[in-house]
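Enquirer: Here is how the chains run, residue by residue.
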Amino acid sequence: MNNLTFGRYAPFNTFVHKLDPRNKLLMMILLLVSIFLKVDSWSSTLILTAFLFLLLIAAMIMSRVSFLQLFKSLSMMWFLVIFLLLIYIFIPNPNYNPEHIAFYIGSYAVNYDAFYQSGYIIFRLIMMIMITMILTATTKPMDLTYAIEWYLSPLKIFKYPVAHILAMTLSIALRFIPTLLDETQRIMKAQSSRGVDFNKGGIFKRIGGLVALIIPLFVSAIGRSEELSNAMEARGYNPYAKRSRYRILKFSWRDLIAFISILAIFGGILTLKIYDANFIKIDFIYWIFGAKPLF
Amino acid sequence: MKNVVIKNLNYSYNENTPVLKNINLEINQGEYVSIVGQNGCGKSTLCKLIIGLLEKDSGEIIVNGLSLNKDSIQEIRKKVAIVFQNPDNQFIGATVEDDIAFSLENNNIPREKMITLVKEYATKVGMEDFLTKEPSYLSGGQKQRVAIADALVRNPEILILDEATSMLDPAGKQEILSLVNKMKLENPNLTIISITHDIEEAYLGDRIVLLNEGEIVLTCRPDELFKNSELINQYNLSVPFIVQLQKKCQELGYQINDEDTLEKIGEMICQSK
Ligand SMILES: Nc1ncnc2c1ncn2[C@@H]1O[C@H](COP(=O)(O)OP(=O)(O)O)[C@@H](O)[C@H]1O
Ligand SMILES: [Mg+2]
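Chains as they are written, first to last, in the numbering used here: chain P, 64 to 358; chain L, -2 to 270.
Simulated from the structure, these hints should not be mistaken for laboratory data.
A portion of the hints provided could be inaccurate.
What the hints assert, rightly or not - Label-pair ranges, simulated between beta-carbon atoms: (1) P:303 to L:117: 43 to 53 Å; (2) L:57 to P:257: 43 to 53 Å; (3) P:292 to L:57: 19 to 29 Å; (4) L:64 to P:303: 22 to 32 Å; (5) L:125 to P:281: 35 to 45 Å; (6) L:152 to P:255: 41 to 51 Å; (7) L:116 to P:215: 28 to 38 Å.
Just so it is clear, the structure is predicted and the values come from calculations on it, not from any experiment.
The beta-carbon is built from N, C-alpha and C at its ideal position, and this holds for glycine as well.
The shape of chain P in the complex, shown without the other chains (with noise of 0.2 Å):
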């Protein structure tokens, strides 16, 4: 279970920490934006990642991310990078420079241009997944729900609380992700203790204990969930109600720094991109290596 700390809400005070879901939500998918957008010449992408990637290390310091947890989550990602690699050595590619020769295997010729294109595919997972850990690690999960309730609430025109039914779904689903792991450990210990072995044995035999471990944790959540909207209903509850609010958000001067901050870079970006600015034209490869095959 100690994967699942990937992404866990960190209880620090930090600028980030303070700022409205929502706003922190927004500026996400502009970075998530920016970073997919990519400026024709290579040497401009180049370093307009590096300049992304300076900026969320910064931000990861900022918000007191561990990096120790980042390292973790991307060592599972070594078998996507022997994928990716594979792919882009061996598919061949009509954009290829053909003067970026690295080296042949046999009469068939490696091209640098895939060794960095795959690069940079694995650099802009890494900078989405530094994106989604400093939101996760300095947002509560509730917040979270209280941000995609706000934006889904232009649906109120449908006279039915689909944002409020969604966030009251997403908040409880998310209150009961501990319950439902205590549980699972419960049920692996009982069912260890009748003999069902989780870890040996050939796959029949795990799929057999898997299913012994999935039926009762059904079984339970169902129990629960039919006790938790008795609950939830003696206590009043009826989504179709006005019902008052005991959390608000605030968009606070900290909001307007960051936001602005972040539009301006996405701003960026998106000119650069759109006006085709290859403000720099070096062909990097070329100027490293000189282009010749190294063996």
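Got chain P; can you put chain L with the ligands on it based on the hints?
Expert: Using the frame of chain P, we list chain L with the ligands on its own:
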């Protein structure tokens, strides 16, 4: 004043197996009634009928002068609060304060008032230092204390405890029982209906209602029931420790009255030697 009146109530989940048969019960304002009976005799079903979570087959339920039906159900639910058995499955908010606030949000209480009420009731149940804690950091007893705060913050006239202590350890159970006692002292008009398996707990009430296979077989004062060994054997009840002690001491020749508390009996035994 009669707080709860139940007349000729019948209920069944499946058509051919009646769960409650012709229940008649009247409960006065401020009364503390314990409902006892074996597992599956229909105690929880009775509670769910009173707060309208289940719909009766026939008969009538009157709460605070209002007959329970589709129109009056929301009004009645404002007056009746219930604490269920499982501490986890009635914790709805993300944190203690959110959970207490949930009851208030449902009643559309303005936010400023909510903030003071949440603090006030968390303090009443001794959870004021845990306001921002999530349920996974709380013990069972603490969660049930929050559940009692959830119930009382709506200022109900009737509090139903459906085996609220049965999943707790002895310390947690004591916590809840003394809390209920305190609430009762603070608000003598609060009617309490306590469903319990625990005979010691039933003994705390003003009156015991004994349910067996969906029928009320007896209502009486707690001490009357436990002196009657015939009934005890017939319904497989266990006798509270205090009654067992009194009986034993009487057999041994001590001058003991039925009202004597544990402390008094202890003192008497110590002095006699
Ligand atoms: N949802 C249900 N559907 C069908 N039968 C039920 C349901 N809930 C309870 N029962 C049955 O009704 C009877 C009374 O249950 P319950 O009121 O929960 O008993 P108690 O609380 O006294 O232990 C039991 O025989 C039980 O099996
Ligand atoms: Mg029950």
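Enquirer: The structure should be examined with respect to each hint, and the outcome stated for every one.
Expert: The hints, checked one at a time:
Between residue 303 of chain P and residue 117 of chain L the Cβ separation comes to about 29 Å, which falls outside the hinted range of 43 to 53 Å. Restraint check, residue 57 of chain L to residue 257 of chain P: a C-beta distance of roughly 49 Å satisfies the suggested window 43 to 53 Å. Restraint check, residue 292 of chain P to residue 57 of chain L: a C-beta distance of roughly 26 Å satisfies the suggested window 19 to 29 Å. Between residue 64 of chain L and residue 303 of chain P, the C-beta spacing of about 24 Å keeps the proposed range 22 to 32 Å intact.
Against the hinted window of 35 to 45 Å, the Cβ-Cβ separation of residue 125 of chain L and residue 281 of chain P comes to about 38 Å, which satisfies the hint. In this structure, residue 152 of chain L and residue 255 of chain P meet the distance hint of 41 to 51 Å, their C-beta atoms being roughly 48 Å apart. The hint said 28 to 38 Å for the Cβ distance between residue 116 of chain L and residue 215 of chain P, and at roughly 31 Å that hint holds.
Violated hint for the displayed structure: number 1, the only one.
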